[in-house]
Amino acid sequence: MTDLTEPAAPEREALEREIHRIGGEIAGAFPSSARHPVRALDARAMELASSDRELKAALFRFVDVVPACRSLDDLARHLRGFLDEVPDAPLPIAAAMRVSNTKAGRTALGAAAASGVKHMAHRFIIGETPSSALGVLRGLWDRGAASSVDLLGEATVTQAEADRYAERCNDALQRLAAAARKWPERPILEHDSAGPLPRANVSVKVSALTPLLRPDAPERGRRDAAQRMRPLLEHAQRLGAHLHIDMESLDSREAVLDLVLELLSEEQFRSGPSAGIVLQAYLRDSPELAATILDWAASSQRTPPLTVRLVKGAYWDHELVQARQHGWSVPVFEVKADCDRNFETLTGTLLRARPNIRVAIASHNLRSVSNAIAYNRLLGGDDSDLELQVLRGLGDELQDALAAKGFRVRTYCPVGDLVAGMAYLVRRLLENTSNESFLSEQARGVPLDQLLAAP
Amino acid sequence: MILQPFANEPILELRRASVRAGLDDAMAGVDAQLPMRVPVMIGGDERFEASLVSTDPGEPERVVAESAHATGGEVDAAVATARAGARDWASRTAEERAEVLLAAAAWMRERRLELAALEVRECAKPWPEADADVCEAIDFLEYYARGAIELAAAPELVQVPGERNELRYVPRGVAAVVAPWNFPIAIPCGMTAGALATGNTVVLKPAEQAPGCALRIVQALRAGGVPPGAISLLPGEGDVGAALVRHRDVQTIAFTGSQPVGLEIIRAAADVVPGQRYLKQVVAELGGKNCVIVDADADLDEAVPGIVSSAFIYAGQKCSAAARVLVHEAIADQLIDRVAGAVSVLDVGRADQLATEVPPVIERAAKERVDRYAQIAQRDGRIAARAEPVPDRGWFCPPTVAVDLPPGSPVLEEEIFGPLLAIERVRNVEQACDIVDGLPFALTGGLFARDPSTVRYVRGRTPVGNLYVNRGITGAMVGRQPFGGNRLSGNGTKAGGPDYLRHFVEPRALTENTMRHGLEV
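The listed protein sequences derive, respectively, from chains D and U. When the count follows our numbering, it moves up by one through the first sequence with no breaks and lands on 455 for the last residue. When the count follows our numbering, it moves up by one through the second sequence with no breaks and lands on 521 for the last residue.
Bear in mind the hints are in silico, worked out from the structure with no lab data behind them. Each hint should be verified, as a subset may be incorrect.
Unchecked claim - 20 Å max Cα-Cα, derived EDC-like pairs, lysine to aspartate or glutamate:
no., chain 1, residue 1, chain 2, residue 2
1, D, K205, D, D216
2, U, K367, U, E61
3, D, K205, D, E267
4, D, K182, D, D171
5, D, K205, U, D301
6, D, K205, U, E302
Using the sequences and the hints given, assemble the complete structure.
As structure tokens, this is what we get:
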């Protein structure tokens, strides 16, 4: 059997031209009023935060503590406390600190800050419950975007918490599937060459399904999570819904990977439900992980094919700090260009592995997205056999542009209350205020050609 | 001698299956050598007889080591040998001694898994903890080797015309090291390394529960080049330690262990016996009753795992372990509920199983002590969680969480040294600080809070030697968290910190008149 490998040099040049052409087209389709996704955030706060490390830390710590504050006064005290630690506070901040010297001032400041954080959170979190999120999901569908619902939760440390999370997942599957039946037909979002694609799509976290995950001893947590994952898979199968198992930090990767491959190999799940896994391109050993997944997919012949969502990875800071603290070799790429190159290599690896898998490329980096589209076409693949994914609140404009150009785009939509959402929110903010992030480069007005240049 | 800056020995990355795969072989290798034979080692002489045994706490029929029991005459002989050995060892430069200690560290590094496996067997330290302990032993050797070189560089004094002033730190002489079993390689190795690095000679009296681990330390040091006269080993029970610390010619006593024994040593050290020509210096690291304060704005997702691991890892048998949680009443129900749920699923099992979170306690007497306190907790308060059943062979105690205990309950005041945690409600952080301030212990403490002013307040009011904010309260790292307590928890000597070595040396100042007949020469 001949396998298509990396494109040769002349093809490489043609591919680059295609990437630039496609990137230009998509950029042209961005809603003109908001070329810059960072505008989705409180632009001024983010600009301040990105420019000053201390201030950024103070604001993040504040956002993080908001749900634990008991009153507006308490909230303002916290804000003041964090800002006090910033050595040279910019003017607007200094003004806020003066206001917080009186009780009335603190109440006002607390109210303003609370509403600011809520506003920011609502950009990323579409509702407190699946029911309250149905309107947004339907709206997305009408705009040409499919969705995957992610249930935010506090850390699971008890069996009761794991049971509650599983129950919420079941409930979400049920409600989404029922509501989605009434949605109008959208062929591009519902079919690829492997067959139908479920409308109801839920992303779950293994760490929330068991309190027993331990990095040093993954078996016990995996067994415990399996007991809750099996009914979820059965439920998804009955409803014709898709269940996507998210990847988290490296501490749980082995347990998650083994769990998914093991369960999906079981006889009862050989022909459903539609299910997926995540590959994190920032991990240096992600090519080996991809090989493990693809070997499994090739030998299992399961239908529908496993969906592999390729992401950059959301725990970069955590992985780096943890490795440095312990003196371990850093498991993630430390240079952004290395990570971007690996992302493109893995995009190729996955696209070439079809039809054994389905491929979802999840990125806000126009270069990475354009590369996936161009390379798919180079391989002779149909656009419908490539899914593109974005995050709610960060990728909204890209989502609309991709939908407008006729691509299948799926938006990852967190659902949950503010307490549970904070860890998620802080990770997203971290990602977005990194000066190297694509979105912030785009917002700074880096020319399109440069944005689309090979990493 | 050019040395790299100190860096902690990296613990095993056990989250990787390839790393875990090596553990079983290491364990089999150690098992094949059991029981170890631990002799009395004095200078070049060894005497073995099977007087005492150490056993696997998870399987008490398994004998890990047979050891000799040092006699009173051997205590005298060991001290005399150390006195004689001091002439050679003290005459070497700090660099020369450092080289030897680094070679000992290298010997241990080559045998990390084997040494950790021995701790798993002899002290029921679960693998990750045992590995961390071996790393810490290596860290002590590396850290004190460097520290002694720095200490040897004379500090700057004020100089005026006509005189030359100089301050040197010289070895005190013979050091008695009396060690515990709970960090069976790290702590005895650390105390010994501190003494040796600064040019003292050492007589090591290990815990009778861990003679096998102690033998490996002596082997490492001798393999690295410590002369036999500079390190002797006296296995035995409490009477050996008691005779050693009372010995006329012991100048420094380094002790880590229980408060009653520590106080006894301090008393004995103060007593000048006929013929004694030194004031004995005592380095004491004693127990604790460590409190974790949880304020209303704490992130419980962090606090719960932090509290549970601090209280129950290694069955609570760390002097740094959490014994009491003082939680703001606004979130107390939630915290108790989550901690109870997390404790009830703890995996209690044998230390050689990687899934084990709570191993057995060290011996029968320890189990009986912990069970007694658990009964008091049940009688005086309410048991919020207990992880049962536990294996019936071996010295297992079910991890337990007690609440609603009345003030003054022994469960709240005495060091239990086992898997029993008490949670109490407080009105606010001030009240929590009052409680902490009322304790005679001051070893470690914890705070989960996010308001920076709360952190400043608690830091200002807490007497503990090691305060940890928004993390677990165990696992001090050499060079990063100088470890040791205040008040009745210890005399503030801070193992693994920049001041530790000063306790093993005596300062000597020299002033020389450089004027001769009106001329400066």
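Right, here's what the structure says about each hint:
About 19 Å separates the Cα atoms of K205 (chain D) and D216 (chain D), which keeps this hinted pair within 20 Å; it holds. Only pairs whose Cα atoms come within 20 Å are accepted, and K367 (chain U) paired with E61 (chain U) is accepted, the gap being roughly 16 Å. As the CA atoms of K205 (chain D) and E267 (chain D) are separated by approximately 23 Å, the hinted pair breaks the 20 Å bound. Proposed proximity of K182 (chain D) and D171 (chain D) is supported: the alpha carbons are some 18 Å apart, at most 20 Å.
Our distance criterion of 20 Å between C-alpha atoms is met by K205 (chain D) and D301 (chain U), whose separation comes to about 16 Å. Straight-line distance between C-alpha atoms of K205 (chain D) and E302 (chain U) comes to about 18 Å, which keeps the hinted pair within the 20 Å bound.
Checked against the numbered hints above, the structure violates only hint 3.
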